[in-house]
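Generate the whole structure from the sequences, applying the supplied hints.
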Amino acid sequence: DTGVSQNPRHKITKRGQNVTFRCDPISEHNRLYWYRQTLGQGPEFLTYFQNEAQLEKSRLLSDRFSAERPKGSFSTLEIQRTEQGDSAMYLCASSRIQGTSYEQYFGPGTRLTVT
Amino acid sequence: AQKITQTQPGMFVQEKEAVTLDCTYDTSDPSYGLFWYKQPSSGEMIFLIYQGSYDQQNATEGRYSLNFQKARKSANLVISASQLGDSAMYFCAMRDYNTGGFKTIFGAGTRLFVKA
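Residue numbers (my numbering), protein chains in the order written: chain A, 1 to 115; chain B, 1001 to 1116.
As a list, the in silico BS3-like pairs of lysine-lysine whose alpha-carbon atoms are at most 27 Å apart:
no.: 1; chain 1: B; residue 1: Lys-1073; chain 2: B; residue 2: Lys-1003
no.: 2; chain 1: B; residue 1: Lys-1003; chain 2: B; residue 2: Lys-1103
no.: 3; chain 1: A; residue 1: Lys-11; chain 2: A; residue 2: Lys-71
no.: 4; chain 1: A; residue 1: Lys-57; chain 2: B; residue 2: Lys-1003
no.: 5; chain 1: A; residue 1: Lys-71; chain 2: B; residue 2: Lys-1103
no.: 6; chain 1: B; residue 1: Lys-1070; chain 2: B; residue 2: Lys-1103
no.: 7; chain 1: A; residue 1: Lys-57; chain 2: B; residue 2: Lys-1103
no.: 8; chain 1: B; residue 1: Lys-1103; chain 2: A; residue 2: Lys-11
Source of the hints: derived by calculation from the structure; they are not laboratory data. Just so it is clear, the structure is predicted and the values come from calculations on it, not from any experiment.
Following this line, the structure appears as structure tokens:
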């Protein structure tokens, strides 16, 4: 396993701009998750894909957020018209069913700063 | 509703000593999983240990063990023989298998400091 990778690692943008993040999961993992983590807090679930299907979205995922996983491999998370409150670490994780543990492997995250 | 509570914002432990990080949870789903993750300053979340709600024995993984007390809804992490590299944030997490969909919820975390 090469691990979950995320790009870019850091992004600074001005309020109102659009940003897109990419996540490449572990190759044989068919499940992919996006989380958001603000300073001093645990990760908060945003959305989940099984293969290319987006099966669950959190209420945290406003209309300005959209996620895709077009071929069931990599995923993108886009934030339109960014706001200062969007500043956070965006974490991607992937998993496959291993018994019942559903262990998730996390990427290093993309840190977004909105100025 | 699902909830994870970690009441210790920070903990100190002497190198080579054992330390217990507290976690309580709330759920009405009889089928759930409990997880502990470590997040060093580099930011990457590292899976440590898993406990299923129907598991009869407490989970162990090397120096990590999970003290699972189902009736009290607690899932404390015990780290034995602490090492300097154990200094990090530790998150307790839960997933409800019947009612929770696919999401995992995390607590606010405990920062562990290991002293030489």
